[in-house]
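A.B. asks: Sequence:
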Amino acid sequence: MVTKEQGVYTADGVNVPVVTEGSTFEELQANIREAVALYFEDENAASLGFSTSPAILTNFELAPALHEGRA
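If you read the sequence shown in my numbering, its first letter stands for residue 23, the second for the next number, and so on.
Careful: at least some of the hints might be erroneous.
Unchecked claim - Label pairs and their calculated CB-CB ranges:
1. F72 x A52: 14 to 24 Å
2. L70 x D34: 13 to 23 Å
3. P39 x A77: 13 to 23 Å
4. E49 x E83: 30 to 40 Å
5. A68 x G29: 30 to 40 Å
Keep in mind the hints are simulated off the structure, nothing from the lab. Note that beta-carbon positions come from the ideal geometry of N, C-alpha and C, so glycine has one too.
Turn these sequences into a full structure, and let the hints guide you.
C.D. replies: Written out as structure tokens, the structure reads:
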């Protein structure tokens, strides 16, 4: 789950218990990859049921005005 408060993006893992943050969304993505890699550092992710080349999926929640086509 990704949130943005006071200009900082924070990610809280859904399937993996990691938390990280970044000043930009791109920095956050890089930090997520690093945090997940560190979490699985001494583990075989595939043997635990995880993909060896995972993707970062992000859902965006739009403000009502944007959702209704008004900006």
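A.B. asks: What are the numbers of the hints the structure violates, in ascending order?
C.D. replies: 4
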